[in-house]
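Novice: Taking the hints into account, I'd like the entire structure generated from these sequences.
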Amino acid sequence: MKDRYDVVIIGAGIVGCLTARELAKYDLDILVLERNGDVGAATSAANSALIHAGYDPIPGTLKAELNVRGNAMWDRLSSELDISFRRTGDYVVAIGEDEIENLKILKRQGELNGVPGLELIDGETARARVPALNPETAAALYAPSAGIVDTFGAVIAAAENAVENGVSFAFETEFEDFIFDGNRIIGVKTPRGSIGCDWAINCAGLEADTVMHKAGARPDFRIRARRGEYCVIDPEYFTLDTVLFPVPSVKGKGVLVFTTTHGNTVVGPTSEWIDGKTDAAISAFGQAYLEENMRKLVPTIDLRRTIAVFAGLRASGNARCLNPAVDYVGDFIVEAAAEAAGLINCGGIESPGLTSAPAIAERIVRILREAGAALCERSDWNPIRKGRPVMRRLSDAEKQRLIKTDPRYGKIVCRCEMVTEGEIAAEIHAPIPARTYDALKRRTWLGTGRCQGGFDLTRVVEILARELGVPVSDIRKNEAGSEFVVAETKNWSGE
Amino acid sequence: MSERFIASDFDVVVIGAGPAGLAAAISAKENGAGSVLVIDRESEAGGILQQCVHNGFGLDTFKEDLPGPSYAQRYIDRAAAAGVAFLFNTMVTAVSRDRRVLTSNDRDGVREYRGKAIVFAMGCRERSRAQIRVPGTRPAGVYTAGTAQRWVNIDGFLPGRRFVILGSGDIGMIMARRLTLEGAKVECVVEINSYLSGLSRNLVQCLQDYDIPLLLRHTVTKIIGNKRVEAVEISAVDERWKPVAGSERAVPCDTLLLSVGLIPENELTRRVGIEMDPLIGGPVVDNRYATNLPGFFGAGNVVQVYDLVDSVSSAAEIAGRSAARYAAGTFAADCGSMPVHPGKNVRQVVPQRICPASLAEDPIALQLRVAKPLEGPVEFRVIGGDRILVRKRFPYARPGEMATVMIPKAAGSAFRETDEVRIDAVPLAEGIE
Ligand SMILES: Cc1cc2nc3c(=O)[nH]c(=O)nc-3n(C[C@H](O)[C@H](O)[C@H](O)COP(=O)(O)OP(=O)(O)OC[C@H]3O[C@@H](n4cnc5c(N)ncnc54)[C@H](O)[C@@H]3O)c2cc1C
Ligand SMILES: Cc1cc2nc3c(=O)[nH]c(=O)nc-3n(C[C@H](O)[C@H](O)[C@H](O)COP(=O)(O)OP(=O)(O)OC[C@H]3O[C@@H](n4cnc5c(N)ncnc54)[C@H](O)[C@@H]3O)c2cc1C
Chain E
455 MKDRYDVVII
465 GAGIVGCLTA
475 RELAKYDLDI
485 LVLERNGDVG
495 AATSAANSAL
505 IHAGYDPIPG
515 TLKAELNVRG
525 NAMWDRLSSE
535 LDISFRRTGD
545 YVVAIGEDEI
555 ENLKILKRQG
565 ELNGVPGLEL
575 IDGETARARV
585 PALNPETAAA
595 LYAPSAGIVD
605 TFGAVIAAAE
615 NAVENGVSFA
625 FETEFEDFIF
635 DGNRIIGVKT
645 PRGSIGCDWA
655 INCAGLEADT
665 VMHKAGARPD
675 FRIRARRGEY
685 CVIDPEYFTL
695 DTVLFPVPSV
705 KGKGVLVFTT
715 THGNTVVGPT
725 SEWIDGKTDA
735 AISAFGQAYL
745 EENMRKLVPT
755 IDLRRTIAVF
765 AGLRASGNAR
775 CLNPAVDYVG
785 DFIVEAAAEA
795 AGLINCGGIE
805 SPGLTSAPAI
815 AERIVRILRE
825 AGAALCERSD
835 WNPIRKGRPV
845 MRRLSDAEKQ
855 RLIKTDPRYG
865 KIVCRCEMVT
875 EGEIAAEIHA
885 PIPARTYDAL
895 KRRTWLGTGR
905 CQGGFDLTRV
915 VEILARELGV
925 PVSDIRKNEA
935 GSEFVVAETK
945 NWSGE
Chain Y
59 MSERFIASDF
69 DVVVIGAGPA
79 GLAAAISAKE
89 NGAGSVLVID
99 RESEAGGILQ
109 QCVHNGFGLD
119 TFKEDLPGPS
129 YAQRYIDRAA
139 AAGVAFLFNT
149 MVTAVSRDRR
159 VLTSNDRDGV
169 REYRGKAIVF
179 AMGCRERSRA
189 QIRVPGTRPA
199 GVYTAGTAQR
209 WVNIDGFLPG
219 RRFVILGSGD
229 IGMIMARRLT
239 LEGAKVECVV
249 EINSYLSGLS
259 RNLVQCLQDY
269 DIPLLLRHTV
279 TKIIGNKRVE
289 AVEISAVDER
299 WKPVAGSERA
309 VPCDTLLLSV
319 GLIPENELTR
329 RVGIEMDPLI
339 GGPVVDNRYA
349 TNLPGFFGAG
359 NVVQVYDLVD
369 SVSSAAEIAG
379 RSAARYAAGT
389 FAADCGSMPV
399 HPGKNVRQVV
409 PQRICPASLA
419 EDPIALQLRV
429 AKPLEGPVEF
439 RVIGGDRILV
449 RKRFPYARPG
459 EMATVMIPKA
469 AGSAFRETDE
479 VRIDAVPLAE
489 GIE
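Chains as they are written, first to last, in this note's numbering: chain E, 455 to 949; chain Y, 59 to 491.
The set of hints was computed from the structure by calculation and includes no laboratory data.
Take these hints with a grain of salt, some might be off.
[Claimed, not checked] Covered stretches of chain Y, as calculated for chain E (at least 3 residues, CB under 8 Å):
{"hint": "1", "stretch": "162-168"}
{"hint": "2", "stretch": "181-193"}
[Said to hold, decoys possible] Derived pair list, reagent style DSSO-like, types lysine-lysine, alpha-carbon separation capped at 27 Å:
{"hint": "3", "chain 1": "Y", "residue 1": "Lys402", "chain 2": "Y", "residue 2": "Lys430"}
{"hint": "4", "chain 1": "Y", "residue 1": "Lys300", "chain 2": "Y", "residue 2": "Lys280"}
{"hint": "5", "chain 1": "E", "residue 1": "Lys731", "chain 2": "Y", "residue 2": "Lys467"}
{"hint": "6", "chain 1": "Y", "residue 1": "Lys174", "chain 2": "Y", "residue 2": "Lys243"}
{"hint": "7", "chain 1": "Y", "residue 1": "Lys300", "chain 2": "Y", "residue 2": "Lys450"}
{"hint": "8", "chain 1": "E", "residue 1": "Lys707", "chain 2": "E", "residue 2": "Lys731"}
{"hint": "9", "chain 1": "E", "residue 1": "Lys750", "chain 2": "Y", "residue 2": "Lys300"}
{"hint": "10", "chain 1": "E", "residue 1": "Lys750", "chain 2": "E", "residue 2": "Lys707"}
{"hint": "11", "chain 1": "E", "residue 1": "Lys479", "chain 2": "E", "residue 2": "Lys840"}
{"hint": "12", "chain 1": "Y", "residue 1": "Lys450", "chain 2": "Y", "residue 2": "Lys121"}
{"hint": "13", "chain 1": "Y", "residue 1": "Lys450", "chain 2": "E", "residue 2": "Lys731"}
{"hint": "14", "chain 1": "Y", "residue 1": "Lys285", "chain 2": "E", "residue 2": "Lys643"}
[What the hints assert, rightly or not] Using C-beta positions, here's what the derived DEER-type ranges look like:
{"hint": "15", "chain 1": "Y", "residue 1": "Asp392", "chain 2": "E", "residue 2": "Gly717", "range": "36 to 44 Å"}
{"hint": "16", "chain 1": "E", "residue 1": "Glu590", "chain 2": "Y", "residue 2": "Glu419", "range": "34 to 42 Å"}
{"hint": "17", "chain 1": "Y", "residue 1": "Ser252", "chain 2": "E", "residue 2": "Pro673", "range": "52 to 60 Å"}
{"hint": "18", "chain 1": "Y", "residue 1": "Glu88", "chain 2": "E", "residue 2": "His883", "range": "47 to 55 Å"}
{"hint": "19", "chain 1": "Y", "residue 1": "Glu333", "chain 2": "E", "residue 2": "Glu590", "range": "31 to 39 Å"}
{"hint": "20", "chain 1": "Y", "residue 1": "Arg298", "chain 2": "E", "residue 2": "Leu574", "range": "50 to 58 Å"}
{"hint": "21", "chain 1": "Y", "residue 1": "Arg298", "chain 2": "E", "residue 2": "Pro598", "range": "40 to 48 Å"}
{"hint": "22", "chain 1": "Y", "residue 1": "Ala468", "chain 2": "E", "residue 2": "Glu590", "range": "22 to 30 Å"}
{"hint": "23", "chain 1": "Y", "residue 1": "Asp156", "chain 2": "E", "residue 2": "Glu746", "range": "45 to 53 Å"}
{"hint": "24", "chain 1": "Y", "residue 1": "Val262", "chain 2": "E", "residue 2": "Arg920", "range": "38 to 46 Å"}
Glycine residues also receive a C-beta, built at the ideal position from the N, C-alpha and C atoms.
Specialist: Written out as structure tokens, the structure reads:
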């Protein structure tokens with residue numbers, strides 16, 4: 455880490471990483487500050503991973519604009535960065551005649567937002583296309599532009615491409631405060647020292663309000679965390695190749711059933727306001743809620759076939775839509791701070807924040823330019839990032855070729871997801887290195903299958919220690935304090 | 059053996075070199091199979107026994123109380139003497155209906171082996187936290203008991219200092235003792251049922267002898283701690299396993315071990331399309347351990363989770379013999395088998411089908427578990443139509459302890475008049491007919 459950069463980005467979620475990647479096109483010295491030990495370990499790691507079509511947001515809001523624009527950007531983005539992404543289309547399903555009216559409203563709203571190809575289909579057609587649907591399905595709204603993405607892979611790919619184009623990342627480095635010269639930001643403070651900068655970009659997710667308040671920006675803006683819990687269903691028991699939504703209510707989009715790019719079926723999320731911004735615990739209440747609500751769409755799923763549970767926290771803000779004609783609270787903020795020069799804020803980036811992230815990054819560049827940043831395009835910018843081999847996707851012949859070059863690709867470490875030692879080692883030595891079990895899990899999907907790490911955990915911990923050259927007792931699940939083992943048996947004789 | 063050339067065609071290919079795979083391979087050889095290959099993903103044979111350094115193995119087979127690795131060694135030596143071929147550090151990734159076994163390792167890469175007969179002996183895996191959906195955070199310090207056992211006994215690491223163990227399975231109780239001996243503190247073992255799920259002898263030898271409390275009819279209702287487990291919340295439950303409001307209390311600890319059941323490891327079996335017993339999670343087998351797909355046999359914990367390794371070995375020997383016969387073309391494909399149904403008070407029974415014709419050669423062992431504890435004297439009855447064909451009495455029957463009922467060779471004729479049988483467990487207090 456140097457002591458001065460042109461741009462400091464606070465937060466390495468999908469928004470911070472795509473912004474870094476976008477800004478790397480220009481002749482700028484860029485640093486991304488992240489308090490965690492890895493990119494994309496917060497909200498960007500625990501969500502529905504859907505590229506929403508854009509019929510949900512209220513027309514005229516920034517959410518609507520960025521959603522539809524962001525959605526259209528994913529084809530190119532995913533091919534440049536080698537991200538798993540598939541336009542599966544999605545269905546909003548009306549159970550019973552009463553709900554059909556809601557579909558019509560949604561369709562009209564989507565058309566106003568510019569969503570392409572929306573189609574209202576009758577219940578029979580919907581059930582013919584998705585046989586698992588509730589027999590009482592009366593109609594469905596089909597949105598062909600909706601898709602699914604590997605949310606972990608997207609953040610990592612964006613960050614890696616940024617690094618390959620010269621961006622620096624500082625992990626376990628928390629933004630603490632701004633340094634001002636009059637009303638202009640000239641640097642940031644971190645526990646590892648102060649860093650000078652011309653521009654600071656706030657992509658701090660759940661903490662975006664805290665960060666902007668340090669600069670005196672939008673003192674009334676507040677983020678509250680809204681938890682969403684999920685169950686992952688054993689794919690040998692049930693899969694789907696599309697995304698099913700109930701009709702939305704005031705509480706949000708409701709409990710969905712969808713299959714991830716990885717092939718697991720997921721049921722969720724719940725929607726529950728929590729105290730503070732960290733409680734991503736699984737609750738008995740949430741699990742009961744899922745049980746009750748998912749039956750609405752697919753009555754036959756049995757949640758006893760759950761292989762994993764997880765929860766994410768939505769960063770729900772209270773920003774009023776800037777368009778005076780639209781009465782909506784809870785819009786995205788993507789703006790130059792009015793109160794401090796040199797600061798650009800993102801705030802309230804809840805769903806569809808993942809979908810919108812490329813459009814948010816694009817907008818940030820425009821704002822920077824308008825604010826007077828010198829943006830000279832670099833001639834050597836490389837938009838292409840190549841992913842590393844994923845053994846389970848290769849043909850036997852391709853596998854054989856790879857094992858010839860590195861025999862560790864023949865050694866399967868995670869038996870459910872068929873992840874090899876070669877893939878694990880490659881991630882540990884990648885441009886954004888994986889140093890923890892969870893970091894490896896996000897990159898390779900090891901430990902996400904039926905046995906949930908029961909087989910691989912001890913082996914992966916051993917590989918991490920060996921590759922990083924540290925003792926096994928230093929290997930962590932995620933952050934400091936999450937070490938797996940406490941001592942060697944021979945050196946420990948009780949308290 | 060690592061550099062030895064291995065042919066691709068074998069009479070019998072066994073998947074898994076645990077006690078089941080070993081016994082099946084030896085028996086196949088002894089029953090005439092010319093070439094037998096055993097494939098295992100580990101670097102040595104013995105399966106789960108290699109991490110079971112405690113005693114308690116071999117009481118039936120050898121009339122000796124052996125540690126797991128010693129029990130395994132006897133079979134490893136016999137297998138070597140019989141000329142069984144081994145392929146280690148090799149994962150079997152798929153099996154086809156025409157009995158091709160696809161493997162991956164770091165020496166040969168992706169390679170195929172063909173067997174005239176295949177024996178599945180992949181053992182079992184542990185149920186995870188998600189499968190029982192314990193609420194709370196997801197910190198480090200929540201491990202299955204078997205993971206902890208591997209860390210302590212094989213790798214030499216202590217996964218925590220202060221433990222709560224959820225589930226009264228054998229591995230959990232054995233680890234409670236092991237961790238105590240390593241100097242760690244085990245606060246308690248928590249069991250949601252009103253009865254033990256493991257063996258009674260482990261309750262005495264692993265918990266009571268070390269003053270570790272067993273809380274029956276309790277469960278963990280929450281995991282607390284963001285990075286590492288800091289405590290678990292324990293609550294009493296009612297008959298329907300619902301937590302009793304107001305009974306919850308937090309028990310500080312840094313590790314929660316899960317011993318909440320084992321699941322036969324049958325991905326390969328299921329994907330090749332073999333008929334499964336949905337309750338047990340293993341393939342449906344007949345008394346010769348043949349599955350419904352010709353040439354495929356099941357041995358050991360793949361078929362059902364056994365309590366004792368001795369019963370694994372003896373069942374696997376039958377599977378190995380059947381595989382050798384199949385490879386030689388002397389296995390009767392259609393033996394006129396009939397289903398065996400679990401009846402009153404019986405949760406499960408293996409084999410699920412029997413061929414009365416095989417009684418001409420051997421008696422048939424039916425292994426079963428009751429659905430609930432029956433603490434007084436019990437009579438197991440094998441019933442065909444309205445006739446009791448076989449009876450066997452036990453002083454008690456518990457779900458945690460598998461019971462064996464032998465159908466003697468002499469009973470053969472009685473089975474000729476029926477085409478299915480049922481097995482009931484009748485408490486004798488309810489009156490003898
Ligand atoms: C349940 C749920 C379902 C969702 N489903 C979808 C969906 O299907 N489709 C969709 O488009 N969107 C969805 N979203 C929304 C989407 O996940 C988010 O909008 C997106 O991930 C936000 O990305 P981000 O980069 O803003 O925030 P984050 O991913 O939270 O990243 C912010 C980063 O900032 C870091 N940080 C915070 N404070 C500091 C500091 N002081 N110093 C240094 N670093 C700091 C954090 O550690 C974090 O890494 C969902 C969200 C949830 C919770
Ligand atoms: C922790 C524990 C404690 C026990 N304590 C006792 C006791 O005190 N007394 C007693 O009598 N019994 C005890 N048992 C029971 C006994 O050990 C088991 O019943 C017995 O080991 C089961 O044998 P198995 O061969 O079926 O399975 P395993 O021993 O599990 O062997 C299966 C083998 O298959 C291999 N394998 C699986 N899948 C693949 C694949 N795809 N490719 C390649 N190889 C594969 C595995 O690596 C393993 O080596 C205990 C069991 C456990 C788990």
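Novice: State for each hint whether it applies.
Specialist: These are the hints, each one checked on the structure:
Counting residues of the stretch 162-168 of chain Y whose beta-carbon sits less than 8 Å from any beta-carbon of chain E gives 7, enough to reach three: the coverage restraint holds. Here's how the stretch 181-193 of chain Y fares: 9 of its residues keep a CB closer than 8 Å to some CB of chain E, so the rule of at least three is met and the hint holds. Taken as a hint, the Y:Lys402 and Y:Lys430 pair is honoured in the structure, with Cα atoms around 11 Å apart against an allowance of 27 Å. This hinted pair checks out: Y:Lys300 and Y:Lys280 have alpha carbons roughly 14 Å apart, not beyond 27 Å.
Under the criterion of a C-alpha separation no larger than 27 Å, the hint pairing E:Lys731 with Y:Lys467 is inconsistent with the structure, at around 69 Å. As the CA atoms of Y:Lys174 and Y:Lys243 are separated by approximately 52 Å, the hinted pair breaks the 27 Å bound. With a C-alpha separation of about 36 Å, the suggested pairing of Y:Lys300 with Y:Lys450 is violated against the 27 Å cut-off. At roughly 21 Å between alpha-carbon atoms, E:Lys707 and E:Lys731 fall within 27 Å of each other, so this suggested pair holds.
Restraint check for E:Lys750 and Y:Lys300: the C-alpha separation of about 24 Å stays at or below 27 Å, so the hint holds. With a C-alpha separation of about 14 Å, the suggested pairing of E:Lys750 with E:Lys707 holds against the 27 Å cut-off. For the hint linking E:Lys479 to E:Lys840, the alpha-carbon distance of about 18 Å falls within 27 Å, and the restraint holds. Restraint check for Y:Lys450 and Y:Lys121: satisfied, since their Cα atoms lie roughly 24 Å apart, inside the 27 Å limit.
Only pairs whose Cα atoms come within 27 Å are accepted, and Y:Lys450 paired with E:Lys731 is rejected, the gap being roughly 62 Å. Using a Cα cut-off of 27 Å, the hinted pair Y:Lys285 and E:Lys643 holds, with the two alpha carbons roughly 26 Å apart. A beta carbon spacing of about 39 Å between Y:Asp392 and E:Gly717 agrees with the range 36 to 44 Å that was offered as a hint. For E:Glu590 paired with Y:Glu419, a C-beta distance near 57 Å fails the hint of 34 to 42 Å.
Separation of Y:Ser252 from E:Pro673 is about 58 Å and conforms to the stated range, judged on CB atoms against 52 to 60 Å. A hinted range of 47 to 55 Å holds for the C-beta pair Y:Glu88 and E:His883, which are about 50 Å apart. For Y:Glu333 paired with E:Glu590, a C-beta distance near 33 Å keeps the hint of 31 to 39 Å intact. Distance hint check for Y:Arg298 and E:Leu574: the Cβ-Cβ separation is about 44 Å, which falls outside the suggested range of 50 to 58 Å.
Y:Arg298 and E:Pro598 have their C-beta atoms about 46 Å apart, which keeps the hinted 40 to 48 Å range intact. As the Cβ distance of Y:Ala468 to E:Glu590 is approximately 59 Å, the hint placing it in 22 to 30 Å is violated. Take Y:Asp156 and E:Glu746: their Cβ atoms lie about 46 Å apart, and the range 45 to 53 Å holds. Roughly 41 Å separates the CB atoms of Y:Val262 and E:Arg920, a value that falls within the hinted 38 to 46 Å.
When the structure is compared with the earlier hints, violations turn up for hints 5, 6, 7, 13, 16, 20 and 22 and for no others.
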